[in-house]
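Residue numbers (the working numbering), protein chains in the order written: chain A, 3 to 416; chain B, 3 to 416; chain C, 7 to 167; chain D, 7 to 167.
The set of hints was computed from the structure by calculation and includes no laboratory data.
All C-beta atoms, glycine included, are put in the ideal place defined by N, C-alpha and C.
Don't take every hint at face value.
[Unchecked claim] Residues from chain A shown here face chain C by an in silico Cβ test under 7 Å; the list is partial:
no.: 1; residue: A194
no.: 2; residue: H352
no.: 3; residue: E362
no.: 4; residue: D363
no.: 5; residue: G370
no.: 6; residue: H371
no.: 7; residue: H380
no.: 8; residue: G382
[Claimed, not checked] In the BS3-like style, the derived pairs of lysine-lysine whose C-alpha atoms are separated by at most 30 Å in a straight line are:
no.: 9; chain 1: C; residue 1: K142; chain 2: A; residue 2: K412
no.: 10; chain 1: D; residue 1: K88; chain 2: D; residue 2: K148
no.: 11; chain 1: C; residue 1: K142; chain 2: C; residue 2: K101
no.: 12; chain 1: D; residue 1: K88; chain 2: B; residue 2: K412
no.: 13; chain 1: C; residue 1: K88; chain 2: A; residue 2: K412
no.: 14; chain 1: C; residue 1: K86; chain 2: C; residue 2: K101
no.: 15; chain 1: C; residue 1: K142; chain 2: C; residue 2: K86
no.: 16; chain 1: C; residue 1: K101; chain 2: C; residue 2: K88
no.: 17; chain 1: D; residue 1: K88; chain 2: D; residue 2: K101
no.: 18; chain 1: D; residue 1: K86; chain 2: B; residue 2: K412
no.: 19; chain 1: D; residue 1: K142; chain 2: D; residue 2: K86
[As the list claims (entries may be wrong)] DEER-style ranges, computed between Cβ atoms:
no.: 20; chain 1: C; residue 1: Q159; chain 2: A; residue 2: E168; range: 41 to 47 Å
no.: 21; chain 1: C; residue 1: Q159; chain 2: B; residue 2: D154; range: 41 to 47 Å
no.: 22; chain 1: D; residue 1: P32; chain 2: B; residue 2: R308; range: 53 to 59 Å
no.: 23; chain 1: D; residue 1: P35; chain 2: A; residue 2: D299; range: 55 to 61 Å
no.: 24; chain 1: B; residue 1: A141; chain 2: C; residue 2: T62; range: 54 to 60 Å
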Amino acid sequence: MSLDVSLDVAALRRDFPVLEREFHGHRLVYLDSAATSQKPTSVIEVMDTFYRHTNANVHRGVYTLAEEATAAFESARARMARFLHASTPSEIVFTKNATEAMNLVARSWGGAHLHEGDVVVLSLMEHHANVVPWHMLAAERGIELRWIPLTDDGCLDLESLPQLLEGAALLSVTSLSNVLGTINDVRHLADAAHAADALIAVDAAQTIPHVEVDVTAWDADFVAWTGHKMLGPTGIGGLWARENLLEGMPPFLGGGEMIRDVTVDGFTTNDIPWKFEAGTPPIAEAVGLEAAIDYLDDVGLEAVRRHEIELTGYALRALHERFDDRITTYGPSDLSIRGGVISFLLDGIHAHDVSQVLDEDAVAVRAGHHCAKPLMRHLGVPATTRASFYLYNDEADADALVESLARAEKFFAV
Amino acid sequence: MSLDVSLDVAALRRDFPVLEREFHGHRLVYLDSAATSQKPTSVIEVMDTFYRHTNANVHRGVYTLAEEATAAFESARARMARFLHASTPSEIVFTKNATEAMNLVARSWGGAHLHEGDVVVLSLMEHHANVVPWHMLAAERGIELRWIPLTDDGCLDLESLPQLLEGAALLSVTSLSNVLGTINDVRHLADAAHAADALIAVDAAQTIPHVEVDVTAWDADFVAWTGHKMLGPTGIGGLWARENLLEGMPPFLGGGEMIRDVTVDGFTTNDIPWKFEAGTPPIAEAVGLEAAIDYLDDVGLEAVRRHEIELTGYALRALHERFDDRITTYGPSDLSIRGGVISFLLDGIHAHDVSQVLDEDAVAVRAGHHCAKPLMRHLGVPATTRASFYLYNDEADADALVESLARAEKFFAV
Amino acid sequence: MPGLEDLYREIILDHYRAPRNRGELPSPPATRAEGFNPLCGDEVVLTLQVDGDTVTDLLVAGQGCSISQASSSMMSAAVKGKSVAEARQLIRAFKALMSIHESKLGGEGDDAGTEADNALDGVQLGDLEALQGVVKFPVRIKCATLAWNTLEQGLDETSPS
Amino acid sequence: MPGLEDLYREIILDHYRAPRNRGELPSPPATRAEGFNPLCGDEVVLTLQVDGDTVTDLLVAGQGCSISQASSSMMSAAVKGKSVAEARQLIRAFKALMSIHESKLGGEGDDAGTEADNALDGVQLGDLEALQGVVKFPVRIKCATLAWNTLEQGLDETSPS
Ligand SMILES: Cc1ncc(COP(=O)(O)O)c(C=O)c1O
Ligand SMILES: Cc1ncc(COP(=O)(O)O)c(C=O)c1O
């Protein structure tokens with residue numbers, strides 16, 4: 003069986019060395035890219051070369067090596083700005099991951115602007131990274147959290163949105179659910195938020211690796227992402243925010259790099275974006291991130307998106323055909339608003355056990371609550387199994403998933 | 003001229019590819035390890051291999067690849083714990099750098115325990131990483147900061163310490179000044195703090211790469227460090243703290259990994275150390291850090307320390323011989339309490355200009371305030387030039403420094 | 007390479023499919039203890055009745071994978087009717103069985119092995135030994151120990167040691 | 007490869023060794039503006055007197071490297087006695103001269119070059135052109151622009167544009 007895909011997956015796969023691995027006599031079928039993506043050779047090599055050739059601390063030395071390192075680091079910032087269609091590199095703050103970026107929004111912007119009784123609107127499909135920082139602020143400040151409910155199809159139920167937004171200061175939502183795959187219409191949400199005089203923060207950790215994002219077209223106020231899910235290294239993520247917002251926000255972490263002056267009595271802050279980057283930043287990681295963006299741009303996010311739609315559709319059909327009413331899959335059936343994520347339950351077998359059997363066939367899927375416990379409670383399940391696709395997956399991978407699931411069903415059959 | 007050193011520096015240098023570089027026709031003389039160290043091939047390669055072979059997210063997957071990645075990550079934690087003589091790996095919290103670690107102490111421990119009028123004692127030789135977080139807490143909470151003064155020799159002036167500690171909740175000091183090179187007697191400071199019922203936090207960013215540290219022998223309560231200064235990668239650092247302290251501290255950043263349960267109404271926290279590690283941690287970086295520790299252990303920190311004492315002494319003598327009263331160097335003259343850091347001023351030439359001339363000879367030194375502006379104010383200078391040594395430096399490097407400085411003096415001579 | 011049969015012994019699957027002592031005692035008077043595995047969402051809810059020195063009754067609720075649920079069920083069968091001291095000894099012995107691998111993961115070397123042997127010394131684990139295969143699957147160890155940690159919490163509440 | 011002579015032209019060293027308009031005017035009535043380079047610790051303190059439309063007096067204090075101090079000195083000589091509008095034009099022109107490289111660093115392509123040419127158009131920079139060599143040393147650009155950013159602050163305070 004073959005799909006009419008425009009990605010040459012076989013060729014792309016050769017760029018990802020880990021995919022050559024075998025476990026228990028089977029080739030690795032990596033279906034956990036929503037947890038972290040694999041890395042192409044170009045990303046790995048550029049960091050290797052950085053450490054061998056260019057390594058120095060940034061923004062600190064007059065010497066040529068430090069100047070090269072600084073240029074490489076700031077070039078990554080400019081590259082990320084262009085990738086997101088930001089208006090200036092100053093709008094890109096590097097953090098260690100998306101989670102830190104959301105904490106930055108909650109602590110710095112939220113800390114300055116939110117007071118007792120102020121309202122932040124979240125949704126029931128949020129990742130803990132966009133839940134816990136707000137719980138922490140709620141505990142400290144007494145802000146109120148409101149939750150956008152979900153439809154049966156796993157979409158945001160927008161009927162109540164105007165009421166939820168009434169008097170709200172911020173709407174903070176994911177643009178692509180890491181459990182349901184649901185793609186939210188950020189522009190629509192931004193318009194609704196702005197109409198209610200609220201700002202909008204977007205957790206785009208799952209979107210930016212897979213779908214072209216234009217923060218200006220989104221009309222968003224804050225956008226968080228993470229490098230390791232977009233072919234880049236661990237240890238780097240970031241926040242895009244509108245320049246005037248960043249300008250007005252108090253610092254987040256304190257230390258070197260983020261200051262203008264320090265005395266025994268106090269300190270003043272540096273310009274954006276450095277104001278929010280305390281201490282030595284993830285330098286080699288930024289260099290790796292730039293290579294990851296180059297790779298994604300070369301392949302083309304449009305082709306990636308098309309490929310994932312086709313592959314997800316293929317896999318969903320195959321799963322339902324094979325397991326009929328013995329499988330429950332979650333999320334929208336409309337593939338045009340769904341990313342390459344399939345969470346499911348196989349009747350009578352716990353997600354952990356499913357995943358354990360799959361591992362014997364070298365099929366790597368994730369089992370658990372996917373850092374989205376409010377959603378799991380809403381779905382009424384303790385855990386699901388999740389298969390997630392990326393540009394290096396193909397129908398053979400989906401087929402391997404189905405075959406291995408059949409084996410799991412057989413193994414646990416009463 | 004040759005020193006009786008026990009390190010085979012020529013052999014070690016071959017492990018550091020960047021040292022093969024040339025600038026403007028001269029071999030790189032890297033004298034900025036206090037800003038960041040260079041990386042040995044073993045560290046670079048182990049991360050390269052991790053990405054090619056073992057990459058997966060940690061603590062999240064049942065499958066073998068994820069299990070391998072988790073084992074590699076947690077192995078690094080255990081390795082770091084042994085390196086610091088910590089009693090358990092649970093006492094090691096990974097952060098993105100030393101700065102985040104100090105912010106963790108200030109925000110989490112300080113946030114829970116310090117209230118208006120409470121006292122934190124710092125010293126005038128602190129790096130901004132151990133100043134600004136406390137200023138931020140002071141602005142928020144009205145805590146009082148007290149400053150240990152310095153002797154003319156650039157040591158802590160401990161005469162007033164008992165008074166400064168009176169009623170203090172915390173003493174937070176560096177164990178090795180990144181400007182003066184001064185090595186502080188942590189055990190003595192810890193005893194003084196504990197005698198006053200205060201805790202002690204140690205900024206050991208400059209110590210751990212160069213001097214064997216035993217947190218138990220120090221009797222410290224918190225110790226912060228950073229990976230990139232100890233032959234490891236950027237993007238990782240950490241905090242060691244006593245288990246019972248960590249247990250009692252509220253979380254720092256919120257998100258995945260650090261929770262036990264999350265509902266729409268609130269959350270509970272995970273066990274230590276994960277309670278303090280929100281989001282995807284620096285996984286490949288931890289693997290690199292373990293290789294860095296292995297490298298340091300193989301070379302032997304005792305030999306490194308001896309080498310740095312000899313080389314620092316050699317360089318100080320050479321500088322004073324050559325430039326006589328036209329050079330001012332800072333810090334203790336007693337080499338046994340001094341790390342491999344030499345900050346200096348050449349009469350009538352600004353540090354920036356010195357460093358610019360040195361760059362033409364490929365001598366890489368740092369010029370500026372070294373993220374220690376309260377100290378610079380105390381010294382009454384806007385900036386110094388700083389040369390810092392590590393295990394890959396030798397007398398030839400010190401000689402190159404002296405020769406290049408002579409050229410700078412000539413260039414700027416009236 | 008350990009196979010699935012090492013993990014999913016027949017007796018484990020049997021406890022999973024037909025869990026013993028399922029339900030919740032009214033609490034109070036019973037003591038209630040809840041255990042979570044934060045990484046996978048498994049949960050175990052124990053309600054236990056301690057009279058004098060004896061665990062007179064104990065029911066298990068919650069949800070999770072076959073290992074966590076089978077381990078709960080086997081634990082309940084092993085502990086019910088035992089003295090608190092015996093229950094604690096079982097906890098120690100079971101954790102020792104599991105920690106052999108856990109401590110290796112922590113890079114602590116082989117000392118833990120000996121310790122484990124000591125803790126196991128003389129304790130009859132019976133059916134519980136079927137769970138030994140779990141140590142070959144490090145990720146699943148927490149599934150197996152969840153019920154036991156929760157029991158320990160419960161005992162600490164009713165009869166602090 | 008640019009050499010030291012590109013950076014340290016004779017006229018720059020001259021201004022560094024013998025800075026013009028050194029000191030501080032009493033403020034008030036003069037306006038005081040302070041500029042810091044957070045990365046290297048250079049500081050420039052300007053006190054300036056604007057009467058009507060004219061920068062009638064301007065003194066420079068502070069400390070820093072030869073480039074920041076020479077640039078301050080040259081700036082003071084160029085601006086003193088000029089109208090506020092002319093001073094602002096000089097600021098724009100000087101920053102344009104410096105931004106050619108800065109914007110390239112930011113990866114913005116070559117557009118900035120044209121913009122810079124426009125801003126420079128018709129403005130006589132005179133001695134200041136000696137600072138052009140700084141653009142070959144990206145790290146030092148902030149040293150050169152510090153005085154000018156500080157002047158801009160000062161003018162914004164006395165005569166908001
Ligand atoms: C004494 C000291 N503390 C803290 C730091 C901060 O380290 P990092 O920038 O990696 O957070 C440094 C290094 O710049 C330092 O020298
Ligand atoms: C939707 C979403 N948001 C945030 C995150 C957090 O990313 P990180 O762990 O890199 O901070 C994730 C990934 O786990 C995610 O899927």
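Distance restraint between K88/D and K412/B, which requires alpha-carbon spacing of 30 Å or less: violated (38 Å)
Given hint K101/C paired with K142/C - CA-CA distance at most 30 Å: With a Cα-Cα distance of about 15 Å, the restraint between K142/C and K101/C holds, given a limit of 30 Å.
Agreement of hint G370/A with chain C interface, Cβ distance less than 7 Å: G370/A check passes; min Cβ-Cβ to chain C is 4 Å, inside 7 Å.
Hint check: K86/C vs K101/C, CA-CA at most 30 Å. Holds or violated? holds (18 Å)
Distance restraint hint 55 to 61 Å, applied to the beta-carbon atoms of P35/D and D299/A: The hint (55 to 61 Å, Cβ to Cβ) holds, given that P35/D and D299/A are roughly 57 Å apart.
For the pair supplied as a hint, K88/D and K148/D, confirm whether the alpha-carbon distance does not exceed 30 Å. Answer holds: K88/D to K148/D is near 24 Å, not above 30 Å.
Given the proposed pairing of K86/D with K412/B, does the C-alpha separation stay at or below 30 Å? Since the Cα atoms of K86/D and K412/B sit roughly 34 Å apart, the hinted pair is violated (cutoff 30 Å).
Falls inside 41 to 47 Å, the C-beta gap from Q159/C to E168/A? holds (43 Å)
Return the status of the interface hint for A194/A: holds when the least beta-carbon distance to chain C is below 7 Å, violated otherwise. violated (32 Å)
Restraint check for K142/D with K86/D, where alpha carbons must lie at most 30 Å apart: holds (28 Å)
Hint check for D154/B and Q159/C - Cβ pair distance inside 41 to 47 Å: violated (59 Å)
Outcome for the supplied range 53 to 59 Å, where the beta carbon pair is P32/D and R308/B: Since P32/D and R308/B have Cβ atoms about 58 Å apart, the given range 53 to 59 Å holds.
When each numbered hint is compared with the structure, violations occur for hints 1, 4, 7, 8, 12, 13, 18 and 21.
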